[in-house]
Every structure is written in structure tokens, then in C-alpha cells.
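**Q** Chain by chain, the residues:
Protein chains: 4
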Amino acid sequence: MTKVPYAWSWFIEWQTPYEFHAHEVDSVLLEVKTKFQEVKLVNLRRFGKALIIDGKTQSTVSDEFIYHESLVHPLLLSVSNPQKVLIIGGGEGATLREVLRHKTVKRAVMVDIDEAVIQIAKQMMPEWHHAFDDARPQLIIGDGLKFIEETQENFDAIILDLTDPMKDSPSYKLYTREFYSSLKRVLREGGALVTQSTSPSFSLETFSVIFNTLRNTFRYASAVVSYVPAFDGLWGFSYASDRTVVGEMGQSEVDSKLEETVKGELKYYDGRTHLAMFNIPKYIRDFVKRERRISTEADPIYVPA
Amino acid sequence: MTKVPYAWSWFIEWQTPYEFHAHEVDSVLLEVKTKFQEVKLVNLRRFGKALIIDGKTQSTVSDEFIYHESLVHPLLLSVSNPQKVLIIGGGEGATLREVLRHKTVKRAVMVDIDEAVIQIAKQMMPEWHHAFDDARPQLIIGDGLKFIEETQENFDAIILDLTDPMKDSPSYKLYTREFYSSLKRVLREGGALVTQSTSPSFSLETFSVIFNTLRNTFRYASAVVSYVPAFDGLWGFSYASDRTVVGEMGQSEVDSKLEETVKGELKYYDGRTHLAMFNIPKYIRDFVKRERRISTEADPIYVPA
Amino acid sequence: MTKVPYAWSWFIEWQTPYEFHAHEVDSVLLEVKTKFQEVKLVNLRRFGKALIIDGKTQSTVSDEFIYHESLVHPLLLSVSNPQKVLIIGGGEGATLREVLRHKTVKRAVMVDIDEAVIQIAKQMMPEWHHAFDDARPQLIIGDGLKFIEETQENFDAIILDLTDPMKDSPSYKLYTREFYSSLKRVLREGGALVTQSTSPSFSLETFSVIFNTLRNTFRYASAVVSYVPAFDGLWGFSYASDRTVVGEMGQSEVDSKLEETVKGELKYYDGRTHLAMFNIPKYIRDFVKRERRISTEADPIYVPA
Amino acid sequence: MTKVPYAWSWFIEWQTPYEFHAHEVDSVLLEVKTKFQEVKLVNLRRFGKALIIDGKTQSTVSDEFIYHESLVHPLLLSVSNPQKVLIIGGGEGATLREVLRHKTVKRAVMVDIDEAVIQIAKQMMPEWHHAFDDARPQLIIGDGLKFIEETQENFDAIILDLTDPMKDSPSYKLYTREFYSSLKRVLREGGALVTQSTSPSFSLETFSVIFNTLRNTFRYASAVVSYVPAFDGLWGFSYASDRTVVGEMGQSEVDSKLEETVKGELKYYDGRTHLAMFNIPKYIRDFVKRERRISTEADPIYVPA
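Chains as they are written, first to last, in the numbering used here: chain S, 1 to 305; chain D, 1 to 305; chain H, 1 to 305; chain G, 1 to 305.
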């Protein structure tokens, strides 16, 4: 049959049942079913090496820096002298990598449920992290919810690098008021937390309810958005603390703090990007302002199916 | 055969030969070939009513405000007392709508080559504009390049609302140094211009070269990005002037100017969004900083094919 | 954005949740929701005008002759002197068109539940039939099952031109032993029937069970397949009678009968095509031979979901 | 982001620039670029293990028997006492497997240009063939055209198992009158040949011209079609000889010859399938009948691009 000069090996990401985005796959590096999920590592023509879990792009070598710098740096720059950091999730290691750039950090605990993903990252995703060699991090394979219940340790910063809240997923309880309340015991006074907050482009309500839940559980909450090409839209992050307003820094303050405490040059985050992130578009701000719903264990928020 | 509960009527937008984005089409309102292009008006499940030209989404009822407010308001707030505004392109009328919100504007000339698109907009896209009833605008069907050569009029602001520069397209010459130079004769002293500048997400080089060409032709140039969901990425806009630095306003200055001179409430643009727009992400800023190429008639820039 | 020279308006037909076939749509002629189904009439680039119901191609102007000639002619040539013919279904009119080619036919009753489809066919699908002007047919809008229960008339041939049997569909009962038994009262002695029998390429079991149900309800049963391009595979038809073996004719007998009793030239069916149809591929024959399941109201067969 | 329960790893086969067929890929077994082509071995959800070359399905474990039995058996049953058989192409080994079922065959020479494909077949496609262990075949890695020019041997049957004729492809010359004439020197008197003849469903003209070229070069020519699901349509095969009418056998003659000379049970071909194959649908027959064009080196036939 005719050879048509069109791409023929495709990864199709369904945003909704009525929308999909298709990417040519240059090659497949790994396909595996772990105890928890279906994991693929592929080379996408547009984005290069990409980690795909259960059909969803998790991160790609060419733009993962946007997500991970957004998640980590505004938080750690806002907390004074962050020494002990807890990451829940974060399997591919890039969140840890960003945390360890901070010279103040003496200990970083990462709790992830899927050991297989960590092994894949170690062996096949060196671009994501050089972090696993560092002496400061401790890896714990296990359930984040249970870890929080049981730990006797205190942290200066907590980073929730979770999958989106979905019905029957292990993660949906980690977006509820009950869980956020339980974090207070684990956060040291003056500490702060961040959670990835889904995409306001695809689920504005979910983003908005997560933020509102934090706003009603902690004294201070703030939210940002960053555009992540491989995620097909804006991505949201929410910060909360009982003592600190995360993000309340001017452009030059961010730049000088970065200079002082963060090793290496960042690609996404700096003083000007900080301004862009913390000034989310008016239509999203207006929506969030009107939000009244709180996510609870009895009535949790999900991303739309 | 089995009825599968999946969508079956699709609009597929090719970003590149190795990437496409597919949207369910709820219904087709109009399909027509004009003298210049293939035009469809459809209802997309995600975005609602959408104008598609030659397979590219031009604007959708649910997010066109982002593009059009970005294009118009930073420019007109930066020019002092803009009374006469020239729009080249802008067939669907929404750019004109935003221009006419400015109380200072006494005359708005819009030059578009495709009368059919204007007629479609008037009859079937009332959501886009109520502008054509206003007494201030003058519509001219014709070639923008020729209009600039021949007009004896001066304008306070010029808005280039063009299709992307492509080989053999009518628009590519309107992104060159020669064309930008010719605009100087038509801009009044102290006036400023804006051009849509393609998507830095899909063609960072094109965005960068357009900006660099302006920077080398005018004394002052600035660039912004806004995320437009229906365009699948960040969209770029560049401003230029020999007297005015477009965008050099603080948050509250923008808000008070809007209050004073713009009728109605905007959905995207305000003081905070202004900060976000004018602080483009570091990786894009860094790329633009290194750009040396200038688009000329002899060596014009195109978007990648 | 770049104009990519690829098709952008598509009809996607899902064969299964893990397979789809996409066709460029040149234009949309009609989109309507009837009381029973979602109906579109479109121009497909490959097949031309096409009737699509609930996401499934029903027939296209360029190959509907294959389906309709297969359905009608072997049956009517096998029954001696067919004068009264009953069609259940057949909304677009082409089955009736083929029936009326037979000079012996004096009366043709067509019972279809969806009047809207018949109106669409009359007004917008003249290529399918010139049949509705003929004096011999009677159209009845209604439920075929109920018609069979209530009619006092006898027919020489019955043609079941139905949608595929699906859970909760109106048609699945018309593929059961109970329904086939009820047809015996309506068939005149020596009469025969045909039913479309789904695609053995996509649901070999369904094809096989329908045939086996007829084989166990009537004295004689036979089955054929024809390849229909727009249906993406082989299509099955089953015939049954208590007196006649449908299809038991040689090549030249078919040709001379066609010459004698059928008006106009056929495009698909003749003596040689008859041989091809009645000699279905060995692997399908072998599968059918082993079939033991019978479709009943208590345990009906469906096409796979 | 939401996990949507839809398939996300796809092989897309473009039939034309305005039509494609998408299949879920369960897993990728091998991706390699040989000296000549891009080869993938994948598991398709519908068809199982599948060999895909340059974006085109070559054969799948679940239906390759249809193509290969069609190609080989009518030919070898039509030639009396076929002892020496030449295969040009046939890399995956299944054509050879079918040839070696014939007890009369003493020697089988297979000439294929791409050694890599043969190695892949040997190591990863055992379902296709057990043939490479047999003592009778000789494998030659090389250009079929050159082999024909140089060989001093005679064959009872020649099988052209080639890729489709395309501009700039190595195979297009093997569909011309000049090449067919050169085969006469290599065929023993009374011998016959077969060539795959592209899909009459997608390129009726190509099928028709190939047949017409044979019909004008040899005394006898015949053509058949078989429906191959993984090829999305009917597939054509043409036979030619100066002494034998390939296919001129009745149903029971085919069955008794198979019984006598072919080892093992076939899945597709037998006496009844023979009748179906050799009686191609009327609309294809009518088209072929009107064909006047002959493929020559100066004016070769291609499949449509």
C-alpha cells in the first residue's frame, strides 16, 4: 500500500472524552505494569524523553523544569531557613533535585508508594535528577497518608507532588480538609506547604476547591499558575501556612534570595517569573474568589472524569 | 455495528506534522470557501462557537477575550490620548470591539482583505462584536500593505491582527523590517503599534525574530505572552514605538487607567494580569535575549511548516 | 499558526474501543436528532455522500449497492414468483429500490420506525432510490415487531434490514428464535426471508449465532458474505425458509433469471458474484459449523460493545 | 490529570492523506531501521503480533494465512508437478512456509533484499514459519531484478511477494512489461507465476493495470481477490502463464489436489474458497475489463500517493 509520509506511531492523551492530543512517538524505551500503575518511558518527537503513567504525561525532559521549579522554589524561598523538607510523591526525582539545590536543606524525606517508578527514574531518567546520590535525602516506599499519621518528625516545608484526585485513586484523600489539618502537626511553626493543584485550564473548579480548602484550613493561602506545554495548559499550585504568606516577595528579593541560597541557574523561576506566577489571569482569579466549596473526606473534590 | 459511546465528529488541528489536537464538533454552522481561504464556523464541545480558517482555530467564543484584550489594551493605555486607531486584519470584529471600548477613540479604521469573513462575523458571530453599529469605525476591504503605502492619514495606534507569516501567504511581508519602517510614516509622533507575534510555545524562533526586528527598527520594543487555551499554548504580542515604552505601567496605574478610559469590565486584562503578561517566563526571555536575526523582505521569517 | 496541508474535518468511526477509522469530511449536509437517533448526512472524501447514524456509517453513495444487492436479489431469485414483499427497516429506500426492480413484485410493504430518516432520504438522497414514486410500495411508520404480531397479510419474501442487535436497542429482539418463529405465520408457504447478519470480520460470533438461530428455526438456512468498503469489512446475510434453499442456483441460472425478471443492470450481483458470496471463506465456515448457541429473548445475542 | 479509560498507544495507518485507521498497540517488541526500511514488530490489540514496515502493516499473526495461502496455493496446484519454486521478496518467511507444504517441491529459492527482516522473522516471528530449518530452501540476499538477469536456472513457479509499486521504490520495476518478459526465460515451459497485485479497494486502477500488463505479456492471465482484515480491504493477486490457465479447477478438484499434495490443513483456501477467490465482484471485473493501460519502464504504474 502507498507509503504516506505521515507519522504512524502515536501517543494519544485524552484530556476529556471529547478532546485528545496526539504526539508522534519516536521510540519506546520501556513499557511496564507496576503494582500500582501502567508506566511508559518514550521519546516524543516534540518533547523528547517523556514519562507517561496511566495514559497521562507526567513529565518530559524538555519542560519538566517548569513544573518542578514552580512547585519547589517559591515555597522554600518563603520559609525562613528551611532545613527539613518532606516530599510526598515525587517518584521521578526532579522535585527532590530542586529541593537539594537549596543550601539550607539538611534533610529531605521523600515518601512515594511506587518503588518501580523510582527505580526507572534512577536507571533511565538521569536527566531528571542527580539527586539520589546526595547524602541528605531519605527515601521511604509507602503510603503518604499513613506516613503523616505515624511520623514523629517535624518539617519546615511539605511538598505534595501527587497525582490528581480521582475517584478510587489513592491520592484523593490527600486533597481534603482532614488531611490538610493533619499536616499541621507535622509542620514546624512557621513552616509552609505546597500542593500541585491540577490544571485550571481543564478543571477550574478542582483548582479552585483545592485552593479554597487550604484557605479555610490555614491562616494564609496563595495560588499560582504556570504554563506547562506537555500538560496542554496552565498548571496550578497552592501554598498554605499559618505563619507565612508564601510568595510575598518582590522581584529583586526573589532574585537575591535565589543568588544566595540556591545552587545553579534556574531555567524558569526568577524574580520576573515570580511576578507572572503570582498574578494569575483575572478570569481565574474571579472564579476562585467566588468559590465556597471545601473538599472533605465525606465530599471530596475530583478532577472531572 | 456496535454503537460506541465515543465522539465521532472531530476537528483536528495539526500543530506540526507530528502533533495534532482533536476536538469534538457538536455541530457545523457554516462551511464556505471565500476568495482567500476556507472558513468554518463550528460548535466545539469544549470551546463552543469557533471560527476556523484553513484548519487553524482563529478564535472561540469562550476564550477570544484573552487574545483580543491582550492585543489591544496594553497598547492603548500606553499611548497618551489615543484618538485614531488603525487595525490591519481583525476580520471577526473583536479587535475593533476592544478598541471602541476606549472613550478617547474617535476614529477606528479597519483594513481587512477578506470581506466574506466580516460578513460571517456580522451575521453569525454576534458574541464577538457589537462594534459594527458604532459610528466611529470605518471598514476598508483591501490589502493592508497597499493601504499603508497610500494613506495620507496619521494614527495614534496601529494594531496588526494578522495571520501568521507563512511562505506564499499574503501576510509574511507584514512582519519585515521594511514594512515596520513604512509604518513610521503613518504613526503620529508618540504613537505605538502592536503585532500578534505567533506562539512562543510552537515557534519560539519566530516569536523571537519578530520581536528582534521591531527592537531594531524602533527605539522601544516590548513583548508579552498570554496563554490562550484554544491556541494550545502561549501567544505572543510585540509592541513598538519611537517615543513610548508600551507596558511601562505599574499594577495600580493600569487599574486606574482602565477605570477611567475603558467602558465595561474586562475579563482577562487588569493590573495584575498586566504584571503577568509583561514578565514572560525566564526561558523565553533568555532565548529572545540571544536573538540576532532580523526579518527582511529578502530573508523573511516564517512559522515552521 | 502554520497551515499544515492535512485534512482537518474528520468523521471517526469506532469499530471497538481500541480501533477507529477516520475519514475526511468534505462537507456536512445535515445534522439532526430524530426521535430515535442522531443522523448526519455528510460528504466523505473517499466515499462521497454518506448517511451516518449514531456514529455508524449506514450507507454511502459509492458502495451502498453492494449491501443492498446482496440483501435483496439472492432471496427474490430463490423464491418462485415473489409478488408480495415485506421489508422491516430499510429507511433510506435502497432496499425497496432493489425489490421494485423485480418485475414479479406487485406489492412491497416497508415498516420503519423512524419517519425522519425516510424524509431525509426522500429529500436529500435521490441517488439511493427513485422508489417512493412507484405505485407498488406501502410505507408504514411503526415498530416491526408489532407489525408482525398484528398483520393478517402473507408475504412471499421478508427482508430484515435492521440495525445491529445491541443491548437496549429496539432491534435486538428481531434476531431471536421467538421472532423468527413468529415470521412463519406471515411467510406464505414456499416463501423465504433474509436478515442482515452483522460483520463476521468484527463479530464472528454474532454472525454465527444469528445463522445458527435461523438454522434451528427453519428447515433450510444459508449464509453469505460480501465485502463492503464503507463498513470496513465483510458483511453477513442469512437466508431461511421451510421450503426453499436460498442460493441453490448455478452461475448461469442466476444470470438468466436476472435477465428475465430484474430491470436494469446490477453493479455487484450476477452469476459469478453469486458463487463468491455463497462460498464464504473456510475460516468463517469452520467457525459457523461449530456454533451451538441460539439467540432467544431470554438470552439474546448482541454485537460486542 | 484525569485517567480516561481510553487507549493511548496507537499505530495509525494512513490509507491516503484523507483516511487513516488507528489500532491500539499493546506493546512494542522491536523498533529498528534497516538499511532499506523502518521496521516495527508490535502487538496490536485486535490482530496480535504484527510486522509493520514504513508505516504499512505487512502481516499479522491472526490473518497472515489469508494473504499467504492466496498467493501460493492456487498457483502451485495449477502447475503440474512443481518442483522448483522461486520467491522474490517474502522476507517474513510465510510464503516459503506455504510453498514447502507442497510435497512435490524439491527446491525453493527465495531472493530478498533486506537481510534484517529475515533475521527478525527467524528470531521473533516463529508463528510465521518453521520453514528456515527445512533442507529444501536456499536464501539469497540480493536484488530480485538482478537475480533474474543473471540466473541460469529454470523454475516451475515464480512468486512475486513484493512491496507495492511506488515512485523511487526498489519494487516498481518489478511490475512492468519488461520485467515480466524477462521472467519468461526463467520459467520452465508450462510454468506459471503469481504477483501480489495491490488492493483493488484502495487502488483499483493499479490492480487493473498490473493484471492488464500480465494479460498482454503472457498467453493466459487470471486474477483473484481475498479480503484481508489487517489490510483494510480486498487484496489482489494475478497469475500468468503461456501454457496454463491458473485457477481453472473445479471445487472438488481443488479439494482432492490439496488432500494429495499439501501437508497440513489450510485455514483459508479450499475448494469453496477457490470459487470465491476466482469470481471477483462484478464492479471490479467490469473495471478490469475496460483497462487498456500497460505498465512499462517508461510509464510505470504506481499505487496512488
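These are calculated hints, taken from the structure and not from any lab test. Here a beta-carbon is modelled for each residue, glycine too, at the ideal position from N, C-alpha and C. Hints are supplied without guarantee of correctness; some may be wrong.
Here chain H is said to cover these stretches of chain D; the calculated rule only asks that three of the stretch's residues, wherever they fall, bring their Cβ under 8 Å from a Cβ of chain H [as the list claims (entries may be wrong)]:
| id | region |
| --- | --- |
| 1 | 9-19 |
| 2 | 246-257 |
Calculated lysine-lysine pairs in the DSS-like style (CA-CA distance at most 25 Å, straight line) [unchecked claim]:
| id | chain 1 | residue 1 | chain 2 | residue 2 |
| --- | --- | --- | --- | --- |
| 3 | S | Lys263 | D | Lys33 |
| 4 | S | Lys267 | D | Lys289 |
| 5 | G | Lys184 | H | Lys289 |
From the derived model, a few chain S residues whose C-beta atoms are all more than 10 Å from chain D [said to hold, decoys possible]:
| id | residue |
| --- | --- |
| 6 | Leu30 |
| 7 | Arg45 |
| 8 | Arg46 |
| 9 | Glu150 |
| 10 | Leu162 |
| 11 | Ser226 |
| 12 | Asp232 |
| 13 | Thr273 |
| 14 | Ile280 |
| 15 | Pro281 |
**Q** Next, verify each hint and record whether it holds.
**A** So, going through the hints one by one against the coordinates:
no., hint, in the structure
1, 9-19, "holds (count 9)"
2, 246-257, "violated (count 0)"
3, S/Lys263 - D/Lys33, "violated (57 Å)"
4, S/Lys267 - D/Lys289, "holds (14 Å)"
5, G/Lys184 - H/Lys289, "violated (44 Å)"
6, Leu30, "holds (21 Å)"
7, Arg45, "violated (4 Å)"
8, Arg46, "violated (5 Å)"
9, Glu150, "holds (40 Å)"
10, Leu162, "holds (23 Å)"
11, Ser226, "violated (8 Å)"
12, Asp232, "violated (7 Å)"
13, Thr273, "violated (5 Å)"
14, Ile280, "violated (7 Å)"
15, Pro281, "violated (5 Å)"
Hints 2, 3, 5, 7, 8, 11, 12, 13, 14, 15 from the earlier list are contradicted by this structure; the remaining hints agree with it.
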